[in-house]
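Engineer: Which chain is which? The protein sequence lines are A and B, in order.
Position 27 (the first sequence) corresponds to 27 in our numbering; numbering is contiguous.
Position 45 (the second sequence) corresponds to 45 in our numbering; numbering is contiguous.
The hints are simulated quantities; they were obtained by calculation from the structure and are not laboratory data.
Be a bit skeptical, because a hint or two may be false.
Claimed, not checked - Between beta-carbon pairs, the in silico distance windows are: (1) B:Y79 - A:H153: 30 to 36 Å; (2) A:S23 - B:E4: 20 to 26 Å; (3) A:A76 - B:Y79: 25 to 31 Å.
Said to hold, decoys possible - Pairs of lysine-lysine residues, derived as DSS-like cross-links and limited to a Cα-Cα distance of at most 30 Å, are as follows: (4) A:K100 - B:K75; (5) A:K40 - B:K75; (6) A:K225 - B:K25; (7) A:K225 - A:K100; (8) B:K25 - B:K81; (9) A:K3 - B:K25; (10) B:K25 - B:K75; (11) A:K3 - B:K81; (12) A:K225 - B:K81.
What the hints assert, rightly or not - Pulled a few chain B residues facing chain A out of the computed Cβ check, cut under 8 Å: (13) D52; (14) A59; (15) I60; (16) L64; (17) T66.
Each residue gets a CB set at the ideal place from its N, CA and C atoms; glycine is no exception.
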Amino acid sequence: MRKWLAIIFLIVLGFFMAKITSSFPFGEEKWGVSRHYVDKGIEENRGSNLVTSIVVNYRGFDTLGEVTVLFLAATALAFLLSTCRCRRRYERREASLIVKTASETLYPLLILFGAYIFIHGHLTPGGGFQGGTVIASAVMLMLLAHFTFHPNHRALSTVEGLAGITFVLIGFAGLIWGGSFLANNIIPLGQWNRLFSAGVIPLIYVAVGFKVGSELSGLITDMIKTTKEE
Amino acid sequence: MILEYFMLFLLFLMLGLAIYAVETKDLLASVVAAGFVSLVASIVYLYLQAPDVAMTEAAIGAGLTTLIFIIAIRKTERYEK
Numbered sequence: 001m002r003k004w005l006a007i008i009f010l011i012v013l014g015f016f017m018a019k020i021t022s023s024f025p026f027g028e029e030k031w032g033v034s035r036h037y038v039d040k041g042i043e044e045n046r047g048s049n050l051v052t053s054i055v056v057n058y059r060g061f062d063t064l065g066e067v068t069v070l071f072l073a074a075t076a077l078a079f080l081l082s083t084c085r086c087r088r089r090y091e092r093r094e095a096s097l098i099v100k101t102a103s104e105t106l107y108p109l110l111i112l113f114g115a116y117i118f119i120h121g122h123l124t125p126g127g128g129f130q131g132g133t134v135i136a137s138a139v140m141l142m143l144l145a146h147f148t149f150h151p152n153h154r155a156l157s158t159v160e161g162l163a164g165i166t167f168v169l170i171g172f173a174g175l176i177w178g179g180s181f182l183a184n185n186i187i188p189l190g191q192w193n194r195l196f197s198a199g200v201i202p203l204i205y206v207a208v209g210f211k212v213g214s215e216l217s218g219l220i221t222d223m224i225k226t227t228k229e230e
Numbered sequence: 001m002i003l004e005y006f007m008l009f010l011l012f013l014m015l016g017l018a019i020y021a022v023e024t025k026d027l028l029a030s031v032v033a034a035g036f037v038s039l040v041a042s043i044v045y046l047y048l049q050a051p052d053v054a055m056t057e058a059a060i061g062a063g064l065t066t067l068i069f070i071i072a073i074r075k076t077e078r079y080e081k
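So that you can see chain A by itself, here it is in the shape it has in the complex (with noise of 0.2 Å):
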């Protein structure tokens, strides 16, 4: 019975979702702010990525806005492993050769290919968040097959909380220097489609990037680690 009221309740939710969605206009003409953003992104920004200047310039407190429920995720999950009568425990289960012998040669390189991806957030697609997600997964990746590695936890909350304060430093020399919060005039923009151009945008996802890996794989290490009692 309540199966049946379920799929009776998605089927109509799903029927007035396609009636709402069918009626906007997919891939059609821009008008309003986004018309702005397609017409002088580049321009105000120089930004190859326009998704990147839109996410950290023009939407830039909305994206503070995100990296502060990432960190307030992780610190509920801190709270939750702390209060449990649970144990760290490091001595487990060895892994074979085969898996302990890639995961290290792919360390170096996923921990390389995450930098390169938030480096070059405004000029490639991807990011701080995709480049920290990848840098999170390398962490990872050593955690399941060592045992023995674990990753210095003081050193991973030092560099999360140094990155966010980057991010509200630049925001506020925004607005001290430029007149908005995390206004993009403070430094010189330099020129189209080079590394070290687009103004402050690089700095923030690099700030970005450095947080939402160091973040990420303190609190996998957490989890891994953490036993509960028998």
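Dock chain B against the given chain A, drawing on the hints supplied.
Structural biologist: For chain B alone, kept in the frame of chain A given last:
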């Protein structure tokens, strides 16, 4: 035209994998199927010319979420009762 049929195939593949993930009793298979849904979704995002979203979906949906669920399964039980 052939690309559109391929996208249609991918969308139905996503639906099938999602239903399998909900219905199967083996939680490890369920998590892997959910990861595949994310992977196929990232291909669809790429076709819709949203490479940024595709990267996020592949890194977080297919990579990190799957691994976190696998940790959770390793700490609990593999089969649903």
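Engineer: Each hint: holds or not?
Structural biologist: Tested hints:
The hinted range of 30 to 36 Å is satisfied by Y79 (chain B) and H153 (chain A), whose Cβ atoms lie roughly 34 Å apart. Checked against the hint of 20 to 26 Å, the C-beta distance between S23 (chain A) and E4 (chain B) comes to roughly 22 Å, which is consistent with it. Checked against the hint of 25 to 31 Å, the C-beta distance between A76 (chain A) and Y79 (chain B) comes to roughly 29 Å, which is consistent with it. At most 30 Å may separate the alpha-carbon atoms for a hinted pair to count; K100 (chain A) and K75 (chain B) meet this at roughly 21 Å.
For a cut-off of 30 Å, the pair hint linking K40 (chain A) to K75 (chain B) is broken: about 52 Å separates their Cα positions. A threshold of 30 Å between alpha carbons decides the hint, and for K225 (chain A) with K25 (chain B) the separation of about 27 Å falls inside it, so the pair holds. For the proposed pair K225 (chain A) and K100 (chain A), the alpha carbon gap of about 18 Å is at most 30 Å, so the pair holds. The straight-line distance between the Cα atoms of K25 (chain B) and K81 (chain B) is roughly 8 Å, inside the 30 Å bound, and the hint therefore holds.
At roughly 18 Å between alpha-carbon atoms, K3 (chain A) and K25 (chain B) fall within 30 Å of each other, so this suggested pair holds. Of the pairs offered as hints, the one joining K25 (chain B) and K75 (chain B) holds, with about 17 Å between alpha carbons and a cut-off of 30 Å not exceeded. Between K3 (chain A) and K81 (chain B) the CA atoms are separated by roughly 19 Å; this keeps the pair inside 30 Å, and the hint holds. Note on K225 (chain A) and K81 (chain B): the hinted pairing holds, with a Cα-Cα distance of about 27 Å set against a maximum of 30 Å.
For D52 (chain B), the shortest C-beta to C-beta distance to chain A is roughly 5 Å, which falls under 8 Å, so the interface hint holds. With 8 Å as the threshold, the beta carbon of A59 (chain B) comes within range of chain A, its nearest partner Cβ sitting at about 4 Å, so the hint holds. Look at I60 (chain B): its Cβ gets to within about 5 Å of chain A, closer than 8 Å, so that hint holds up. Hint status for L64 (chain B) relative to chain A: holds, with the closest Cβ pair at about 6 Å, below 8 Å.
Against a cut-off of 8 Å between C-beta atoms, the interface hint on T66 (chain B) is violated, since the closest Cβ of chain A lies about 10 Å away.
Going down the numbered hints, you'll see the structure goes against 5 and 17, while the others check out.
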